[in-house]
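> Could you build all of it, start to finish, from the sequences and the hints given here?
So the protein sequences, as listed, match chains A and B.
Counting from 0, one number per residue, gives the positions in the first sequence under numbering that gives the first Met the number 0.
Counting from 0, one number per residue, gives the positions in the second sequence under numbering that gives the first Met the number 0.
No lab work stands behind these hints, which were simulated from the structure alone.
Don't take every hint at face value.
No distinction is drawn between identical chains; accordingly, a pair holds when it is met within one copy or between any pair of copies.
[As the list claims (entries may be wrong)] Here are the computed lysine to any residue pairs in the SDA-like style, where the Cα-Cα straight-line distance is at most 25 Å:
| # | residue 1 | residue 2 |
| --- | --- | --- |
| 1 | LYS91 | VAL47 |
| 2 | LYS168 | THR324 |
| 3 | LYS253 | ASN139 |
| 4 | LYS91 | SER252 |
| 5 | LYS73 | ARG58 |
| 6 | LYS73 | SER125 |
| 7 | LYS91 | SER41 |
Just so it is clear, the structure is predicted and the values come from calculations on it, not from any experiment.
Number of protein chains: 2
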Amino acid sequence: MTVNISIDAMGGDFGPNVTMEAVTRVLANHPDVSVLIFGDRSILMRSVGEDLDSNIRSRLEICHCESQVDCDEKPSNAVRSKQDSSMALALKSIKDDEAQACISAGNTGVLMALSLFTLGTLPGISRPAICAEIPTNNGNKLMLDLGANVDCSPQQLYQFAVLGTHTAKLALGIAKPSVRLLNVGSEAGKGNNLVQATAAMLEHDDSLNYQGFIEGDGIFQGRADVIVCEGFSGNVALKAGEGVARYIYQKLSKLSAGQEQQFADLKSSIQPSLFNGAYLLGINGVVVKSHGGADVQGFGNALERAINAARQQLPSALAPELEKTIKVN
Amino acid sequence: MTVNISIDAMGGDFGPNVTMEAVTRVLANHPDVSVLIFGDRSILMRSVGEDLDSNIRSRLEICHCESQVDCDEKPSNAVRSKQDSSMALALKSIKDDEAQACISAGNTGVLMALSLFTLGTLPGISRPAICAEIPTNNGNKLMLDLGANVDCSPQQLYQFAVLGTHTAKLALGIAKPSVRLLNVGSEAGKGNNLVQATAAMLEHDDSLNYQGFIEGDGIFQGRADVIVCEGFSGNVALKAGEGVARYIYQKLSKLSAGQEQQFADLKSSIQPSLFNGAYLLGINGVVVKSHGGADVQGFGNALERAINAARQQLPSALAPELEKTIKVN
Chain A
0 MTVNISIDAM GGDFGPNVTM EAVTRVLANH PDVSVLIFGD RSILMRSVGE DLDSNIRSRL
60 EICHCESQVD CDEKPSNAVR SKQDSSMALA LKSIKDDEAQ ACISAGNTGV LMALSLFTLG
120 TLPGISRPAI CAEIPTNNGN KLMLDLGANV DCSPQQLYQF AVLGTHTAKL ALGIAKPSVR
180 LLNVGSEAGK GNNLVQATAA MLEHDDSLNY QGFIEGDGIF QGRADVIVCE GFSGNVALKA
240 GEGVARYIYQ KLSKLSAGQE QQFADLKSSI QPSLFNGAYL LGINGVVVKS HGGADVQGFG
300 NALERAINAA RQQLPSALAP ELEKTIKVN
Chain B
0 MTVNISIDAM GGDFGPNVTM EAVTRVLANH PDVSVLIFGD RSILMRSVGE DLDSNIRSRL
60 EICHCESQVD CDEKPSNAVR SKQDSSMALA LKSIKDDEAQ ACISAGNTGV LMALSLFTLG
120 TLPGISRPAI CAEIPTNNGN KLMLDLGANV DCSPQQLYQF AVLGTHTAKL ALGIAKPSVR
180 LLNVGSEAGK GNNLVQATAA MLEHDDSLNY QGFIEGDGIF QGRADVIVCE GFSGNVALKA
240 GEGVARYIYQ KLSKLSAGQE QQFADLKSSI QPSLFNGAYL LGINGVVVKS HGGADVQGFG
300 NALERAINAA RQQLPSALAP ELEKTIKVN
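So this is what it looks like as structure tokens:
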């Protein structure tokens, strides 16, 4: 099947150079894909290398646009005044059946607002969600919402579960995708009112393969095919995971074979036991919580934290500072 | 300074064996630390190795307890009926000045409830927070709350900022700790009502070194000394980061020197560009959002996602499924 993709080339921190380089690389791997590139023609022409393969060049059409969406643009403002932008016109090409998918690295809020305005929503969906395919130990999985909806109702989360289920079937080829709800614990009573009310809705729908809660550390282990959450916690959880991956990737990239000591140092810097041992802050006494699943090194790390806090005499040293700072009623 | 630590030895998934092994290891490194171990004497005696060094043995006192907190115990129930448990008595030893810090790997909700009941809160603090010391690129940092408070008011988050600031000064020795609020974006207008209202309170307090928002990927880069958040998103963000670290740690542990190919495979499995490319799901058209900061490989990955979704004709294939599943009003 021949595929046409529309690309807003003006978004992204690094601008058209990065976009065009990525496009030409991907086109080389997909001989049946063509692209419509939306943006300022004179800038884009400079980004197209002169030595570009003529076959690739023939599948790459530049569509000139008079304006672009700024990174700090207000979504409502963009809908009113940026209908001639590269982002709006790239979306319009979907509406007009000139392309089958649109991609942008621009302002997320504006992309959502212009998509809603130009394309509308699917049946039964009140608010669209941002959904990522996440690489895990156990294949790619879906997670939504990742930031489009920072306040959600149970009905919205239920819609996300349905959207995610059918997308996992279609895009990942999973016959009966398991759905889990992101929560602070996996036991039934855990979490806030939102997850409790959503769980009740999901449990009663036999068309979904709902399997209960999932905690943050289960996301990248692939314990669910579809992870449902409101956009605030989904966004920070995904970015936290990305942040750790990036940190370790950068460290690994600096290593070369034969550097056993640096390798051992890297391993010791990311050992999970380093995360163990949390204070109950605000309690009038030093209380440290260790993970239930802590091993010897992990419990030892928590104990080191307790010893340190005891040496600092943390609560009695904190009390006068708090009295100065917080107005005690 | 001599330090006495009380330990609830009955909590934790692996029981007293792990706890006791961790304790004896840490005591060997800290000749001025003694511990009170709370739990079932007959079980604990079995966990103390017979060949234990007599100096360490002399700093380890076992305190027999009749009961223990179960992992699925309700906090309110534990406060009523588990005052003779190892957890409750370990906390009471703080109250009675027999120890300066308490540590438990048991049920977090019960530990918080019993701590509140036995020890109370510090001045000006309405709800305590769970606070972890997080290993980052840039030294250890503090993050709170991590799950004790799944619904928070701006006043509570403000209290967490004050608690975290003074704890960072005392426990980490940072003179003027920077404070940031966890959010889905770093620009001023981003986020939900809670973070907006909290930001306004923090900006107006000159005693705090408030520096604005932080996103999930900034946590482990150490971009703030104190990260403040409500317990739901804090919990899932921290666990997501831990999950990635654990995943990579396990992979690294299986590698030995000279395995260049496995090393390269590991690197390619965690490259940040793999995370790039999120669908706007629910929109009646394929729209893919790329990170603003995506490099060529990252934008290429997003483009691959767009091509795949276009091939699946995702929106038109989704629509009939949604019509069957969701009652359209």
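> Compare the structure with each hint and give your call.
Hint check results:
1. Proximity of LYS91 to VAL47 under the C-alpha cut-off of 25 Å is restricted to the intra-copy arrangement: shortest distance 24 Å within a copy versus 72 Å between copies.
2. Taking the shortest Cα distances, LYS168 and THR324 sit within 25 Å of each other only across copies (14 Å), while inside one copy they are farther apart (54 Å).
3. In this assembly of identical chains, LYS253 and ASN139 lie within 25 Å of each other by CA distance solely across copies; the values are 22 Å between and 27 Å within a copy.
4. Taking the shortest Cα distances, LYS91 and SER252 never come within 25 Å of each other, neither inside one copy (41 Å) nor across copies (50 Å).
5. For the homomeric pair LYS73 and ARG58, neither the shortest alpha-carbon distance inside one copy (34 Å) nor that between copies (63 Å) is at most 25 Å.
6. Taking the closest pair of Cα atoms, LYS73 and SER125 come within 25 Å of each other only inside a single copy of the chain (21 Å); across copies the shortest separation is 37 Å, beyond that limit.
7. In this homomeric assembly, LYS91 and SER41 come within 25 Å of each other (Cα to Cα) only inside a single copy, at 22 Å, whereas the closest approach across copies is 74 Å.
Of the hints listed earlier, those the structure fails to meet are numbers 4, 5, in rising order.
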